[in-house]
Amino acid sequence: MREKTVLLLNGSPRGSKSTSASLGSYLVGRLEKQGFRGKDLHVQPLVRSPDGLQRLAAEVDAADLVICAAPLYIDSIPAPLIAAMEYLSERRKVEKPRKEQPLVALVNSGFPEPSQSATAIAIYRQFAAEAGFAWAGGLAYASGQAAVDGRPLGKAGFMAKNARRSLDLAAAALSEGKPIPGEARSLAARPMVPVWMFLPIGNLLWWRSRVKDRSVWRAMKDRPYEGKG
Amino acid sequence: MKALLLDGSRAGDAASTQARELIEQELRGKGWEVSSLTLRDMEIAPCLGCFKCWTHTPGICVTDDAGTAVVKQFIASDLAVFLTPVTFGGYSSALKKALDRTLPVMLPFFRKFGGEVRHIQRYDNQPRIMALGVLPRPDPAAEQIFRTLVGRNAGNFGAPDRTFGVITGNMDAGGMKKEVRSLLVKAGVGP
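Same order as they appear, the protein sequences are chains G and E.
In terms of this note's numbering, the first sequence is residues 1 to 229.
In terms of this note's numbering, the second sequence is residues 230 to 420.
Please note: incorrect hints may appear among the correct ones.
Derived BS3-like pairs (lysine-lysine); straight-line CA-CA distance at most 25 Å [what the hints assert, rightly or not]: (1) E/231 <-> E/259; (2) E/406 <-> E/281; (3) G/4 <-> G/33; (4) G/221 <-> E/341; (5) E/406 <-> G/221; (6) E/281 <-> G/17; (7) G/33 <-> G/161; (8) E/231 <-> E/415; (9) G/221 <-> E/301; (10) G/212 <-> G/33; (11) E/259 <-> E/301; (12) G/161 <-> G/221; (13) G/178 <-> G/99; (14) G/212 <-> E/231; (15) E/341 <-> E/231.
From the structure, some residues in chain E lie toward chain G, with a derived Cβ separation under 7 Å [to be verified]: (16) 319; (17) 376; (18) 378.
These are computed hints drawn from the structure, not numbers from a lab.
Backbone N, C-alpha and C define an ideal beta-carbon position, used for all residues, glycine too.
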C-alpha cells in the first residue's frame, strides 16, 4: 500500500523557530507514528518567485493531508500564506485536484482568548471550499507565543499539555480519515496562559525579558510618527 | 480631513478600479485630501514577526521600505479605506502585506476592552475604517467572514468607527455608485 504523506505549510515568518512550527511539527510527528510520511515547507521564501510557487503547488498536489500552521496577524493569516493560498486556489480551478485532500489549520495567537482566532479559522475553511480541499477542522491556540515561544512542544512544559493532548487527538482522528474531533478543539481552546495571569505577564514580564537595552524602556511608548504623515 | 485609500486589488480588476475612482471623486468633491496607494505595485516586505518595533526601535519597523510610509499615513488619516477583493472572506495578500506592517501603531502592552484582551494603541487618534470588498458574485458566507474581520480589525486598531460594504462584479455603474455613496455617508463623509 502506498505511504500517505502529510505536508505542513508553515506560514510564520519565523520559520522553524516559530510557535507555528512547534505546533505543526508535533502534529506531523504524531501522524508519522501512525504511518504518514511527513514533510514541511516554509511558505514565505517560496512565494517570492514563480519557481517557488510552482514547487509549493507540486508539493501540495502530492500530499494526502495538508496542514496550514500560522500565527494570527491582524485578526487573520500572515500575508505570504494568503499569497500562497491565492495562487493555489487559482491553479486548482484549472488543474483540478486528483484526490480528496483534507486540510487542517492551526492558528496560534498572542491573545488569551481562542475566540480571537475564529475569523482566521473561517478564512481557512472558506479557502478549503474554494480550492477543492476537504475541510478537516481548525485548532485555535491562545497565548501560544507566551507559553511555547518556538520551543519544541514536548519541551514546553505543563502549560502546553492541553495543546499536546489536542494534537494527539487530532492525529488519531486524521490518521483514520476523520475530521478533528470537538474534544481536540475544546482542549486547544484552553488558554496556555490563563486570562487572569495573562495581563501581568504580558504587561511586565514579556517585554522586560526581551528588552535588553534599558534606554529602550523609557522609549517604549514613543510616538515617532506623530504629526509626520 | 485626510483619507488614506489602501487599494489591495489585482491588476485588471475593472470593478475595483471603478470603485476606487468613485471613492476618490466623492471624497475630493467633499474637500477631503486623498492619498491612494496601489499596493500591488509597492515593494512592501512581509512583517518579520521579530517584535523589534516594540523591543528595539519603539514604534518603528526595522524594515525600512514602503511599509513605513503606509504606517505614517495611516496614523495621520481621519479615514482609512480598505479596498480589496474578498479573498476567502478576508483581505487580498496585497492589502494584508500592508496591514501586517502596522504592528508599530500598537504598544506591546495589553488591556481588557470590549470583553477581550487587546493591545493598547501607541497614538491617541486612530482613523475610522471603511472597508469595501469586491466579489465576482454574491457570496453570503464570504461576506459574513469579511464583515466579522472588519469589525475585529476596527476593535484591535482602536478605530472610533467602521463601515463595511461589498460590491459585486455584475453591478451596473449606477448600483455601484449608490453603494459607494451610501458607504461613505455611513463612514461620516457627508451626504
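Inset, instruction - Verify the interface restraint on residue 319 of chain E: the C-beta must sit less than 7 Å from at least one C-beta of chain G. - result: holds (4 Å)
Legend entry - Hint consistency between residue 4 of chain G and residue 33 of chain G [alpha-carbon to alpha-carbon, up to 25 Å]: holds (12 Å)
Inset, instruction - Using Cβ atoms only, decide whether residue 376 of chain E comes closer than 7 Å to chain G, and label the hint accordingly. - result: This interface hint is violated because 10 Å lies over the 7 Å limit.
Legend entry - Straight-line alpha-carbon gap residue 212 of chain G to residue 231 of chain E, limit 25 Å: violated (38 Å)
Legend entry - Agreement of residue 341 of chain E and residue 231 of chain E with the hint, judged by alpha carbon distance not exceeding 25 Å: With Cα atoms ~30 Å apart, residue 341 of chain E and residue 231 of chain E exceed 25 Å; violated.
Legend entry - Hinted pair residue 259 of chain E and residue 301 of chain E, Cα distance within 25 Å: Holds, because 23 Å separates the two Cα atoms, which is no more than 25 Å.
Legend entry - Hint consistency between residue 406 of chain E and residue 281 of chain E [alpha-carbon to alpha-carbon, up to 25 Å]: violated (43 Å)
Inset, instruction - Below or equal to 25 Å on CA atoms is what counts here, so check residue 221 of chain G against residue 301 of chain E. - result: holds (16 Å)
Inset, instruction - For the pair supplied as a hint, residue 212 of chain G and residue 33 of chain G, confirm whether the alpha-carbon distance does not exceed 25 Å. - result: Violated: residue 212 of chain G and residue 33 of chain G sit about 41 Å apart, past 25 Å.
Legend entry - Pair hint outcome, residue 406 of chain E versus residue 221 of chain G [Cα-Cα no greater than 25 Å]: Violated, because 42 Å separates the two Cα atoms, which is more than 25 Å.
Inset, instruction - Mind checking the CB of residue 378 of chain E against every CB in chain G and telling me if the closest is under 7 Å? - result: At about 5 Å, which falls below the 7 Å cut-off, the nearest Cβ of chain G leaves the hint on residue 378 of chain E intact, so it holds.
Legend entry - 25 Å limit on alpha-carbon distance, applied to hinted pair residue 231 of chain E and residue 259 of chain E: Between residue 231 of chain E and residue 259 of chain E the Cα gap is close to 11 Å, so the pair holds against 25 Å.
Checked against the numbered hints given earlier, the structure breaks hints 2, 5, 10, 12, 14, 15, 17 and satisfies all the rest.
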